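**Student:** Spelled out from the first residue to the last, the chains are:
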Amino acid sequence: MRRIISVLLENEPGALSRVVGLFSQRNYNIETLTVAPTEDETLSRLTVTTTGSDKVIEQITKQLNKLIEVVKLVDLTEGSHIERELMLVKLKATGSQRAEIKRTVDIFRGQIVDVTSSVYTVQLAGDSEKLDGFIQAVGTSGVLEVVRTGVSGIARGEKVLSL
Amino acid sequence: MELLSGADMLIRSLQDEGIEYVYGYPGGAALHIYDALFRQDKVKHILVRHEQAAVHMADGYARATGKPGTVLVTSGPGATNTITGIATAFMDSIPMVVLCGQVASTLIGEDAFQETDMIGVSRPVVKHNLSVRHPEEIPEVIRKAYYIAATGRPGPVVVDIPKDMTTPNERYEYSYPKKVKLRSYNPAIRGHAGQIKKAVDMMLAARRPIIYAGGGVILGKASEQLTELVRTLGYPITNTLMGIGCYPASDKQHLGWLGMHGTYEANMAMHHSDLILCVGARFDDRVTNATEKFCPGARIIHIDIDPASISKTVDADVPIVGPVDAVLKEMQALVKESKEKPDADAIAAWWKQIDEWRAFHGMRYETSDDVIKPQEVIEMLCRLTNGEAYVTSDVGQHQMFAAQYYKFDKPNRWINSGGLGTMGFGLPAAMGVKLTHPDDEVLCITGEGSIQMNIQELSTCKQYNLPVKIINLNNQALGMVKQWQDMNYESRHSQSYMESLPDFTKLAEAYGHKGVVIDKKADLESKLKEVLAMKDELVFVDIYVDRFEHVYPMQVARGSMKDMWLSKTERV
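Top to bottom, those sequences are chains A and B.
When the letters of the first sequence are read in order and numbered with the working numbering, they come out as residues 237 to 399.
When the letters of the second sequence are read in order and numbered with the working numbering, they come out as residues -2 to 569.
Hint data in this document are derived by calculation from the structure and do not stem from the laboratory.
Hints may contain errors.
Below, in silico cross-link-like pairs of lysine-lysine (BS3-like), each with a Cα-Cα straight-line distance of 27 Å or less [unchecked claim]:
#: 1; chain 1: A; residue 1: K302; chain 2: B; residue 2: K218
#: 2; chain 1: B; residue 1: K176; chain 2: A; residue 2: K308
#: 3; chain 1: B; residue 1: K290; chain 2: A; residue 2: K291
#: 4; chain 1: B; residue 1: K309; chain 2: A; residue 2: K302
#: 5; chain 1: B; residue 1: K565; chain 2: B; residue 2: K518
#: 6; chain 1: A; residue 1: K302; chain 2: B; residue 2: K176
#: 7; chain 1: A; residue 1: K302; chain 2: B; residue 2: K175
#: 8; chain 1: A; residue 1: K298; chain 2: B; residue 2: K290
#: 9; chain 1: B; residue 1: K503; chain 2: B; residue 2: K526
#: 10; chain 1: A; residue 1: K298; chain 2: B; residue 2: K195
#: 11; chain 1: B; residue 1: K370; chain 2: B; residue 2: K565
#: 12; chain 1: B; residue 1: K249; chain 2: B; residue 2: K338
So the derived label-pair ranges between C-beta atoms look like this [stated by the list, open to error]:
#: 13; chain 1: A; residue 1: Q359; chain 2: B; residue 2: E133; range: 42 to 52 Å
#: 14; chain 1: A; residue 1: S316; chain 2: B; residue 2: P293; range: 37 to 47 Å
#: 15; chain 1: A; residue 1: D290; chain 2: B; residue 2: R544; range: 48 to 58 Å
#: 16; chain 1: B; residue 1: P499; chain 2: A; residue 2: T268; range: 51 to 61 Å
#: 17; chain 1: A; residue 1: A272; chain 2: B; residue 2: E107; range: 28 to 38 Å
#: 18; chain 1: B; residue 1: G191; chain 2: A; residue 2: A272; range: 34 to 44 Å
Predicted, not measured: the structure shown is a model, and the values here were computed from it.
Every residue, glycine too, gets a C-beta built ideally from N, C-alpha and C.
Sequences and hints are given; from them, build the entire structure.
**Tutor:** The following block contains the structure:
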């Protein structure tokens, strides 16, 4: 099952490599990984999406918790949550394609953030399925380049991950 | 406040930490530190002949004393040579701090001479590693390193020290922190009371209970609490290879150790139990055999300081995260005050069954009139030393024989590389023990394969006068490899023997020690007595044992705990 694990990590050199190393050492999957400092500059927030049986996920969270630099973590998929990913896509856009792409971008509530005579660069945010859906809708033949940030997530309601 | 250079701060920090011995080897990046070491006499340095041995020495010291060991090496090859030793300590959760020199911070990343990314290289085999980024941090980094190494589930911690952090003429204010607090590291200090109560209720209701104890009992200094609880309950106990000595082997409630080469009765009792109380063990694959066939009728209570050890390979019904000594103490109190008592008839029937299993195999082996059996060497050593020696071992058949036939009644005396299985561990570990236990008998039980992996340390033994006894069970082959080849590869002995073994006695003599050969069964006892009487000499005892002996019992691969070979021809 796919899980989103959100981690508060000491913002120190080497801390990220410990997290990434743990996944490869113990043969766990990383599907996406995002990391950036938080409003408290001593902490980074790291979001990793992974797949595995309940037993594997239990081990992943326990092993992550064992890392000295991991301060706190939560498996967001255990409760209701919001997940978002940002994608930038460069699309071939000439002739009648231009209007068609514009319409599709509007339907997906994206934005065209850069335009040349033959290329549109589209920005789109949403959960991973929505981003996949957009690529499908415009068709892979017109896609010149895709860059995705990986998933960030946050729990719904009062629940917060903080010290 | 005093002004000290980084190097002096480092050594002063070790003094303030109460460190007696540092095992190491100097080199360029560590020279400022070695100079600071020279200008004091509180911390003693032991110069080994290879850095791997320094780590095993620190490891032996830590296992025998329960205190963290300390290693000091230079950057690059000095640091990378410690990796096998660090991995050995990591797998067995041994507290240790490894101080590594590093090229100057200004050179890091430039492929400087003797530069290795030790933080990166060591990362998968350490509990934690730290690098010094400013000389002023040194006291705090050292305090943190020992705190992390010795608390919770212990383990090795590497500290990387760039050379410019220890420059002699740059001085800073020194003060050693009394306490260290890490917001992200808080090992449990007691178990969950509700879980403990639940566990005790289950224990008192069990009809075929067994206690399965591991190295965590020794690391957690909980042998006394365990022994008390087991005696109060009157239940059978088995322990892992790492747990040997956590409960007296000579006690009638003790079934010997369990697993791949465990006793018949311990493995049978585990398989047929209805309740397992696991204390500080981790359901390792060398214990459980195939996990899907593991103890089908048993409910499992698992006490461990490390939550990640619980339900990792085998699911626990009642997990208890906490220090074993505190949890066992609470259990003992609950058992004593409980109105419920174990079902006497059920427990008596259980013991009757266990005694039948005990009688069935009883660790028998075939003896011979002329060939020396490795098992009888160990039994004789146990008798001649009253079971009170510190015994270190290397890895292979001799390790299993030593663990099976030497009966340990006390913890911290059986010292082996259980998790990683590191050949070359035995001699340096014995040296680490002997250094701090000069009046105790220290035996290194080894084989002619393993001993050659760190034999250069005979030189260190001479320098520091470490009269350990090296018991070389010489079967002229890599015995355990050969045994597997006999059992699984139709006796194709691919690379499992060495054609040109040295004359070990002459080698020992060349290093300034004594050498004794025993190749006749009739001489075994008298010569071993002579050897043990040479209190002040390191004696290399080269004993020619049966070349064809196998270690039994041996669990059948991919079977359950009860599937075992009991001899070359008997399978149950």
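**Student:** Could you work out which earlier hints the structure fails to respect and list their numbers in ascending sequence?
**Tutor:** none
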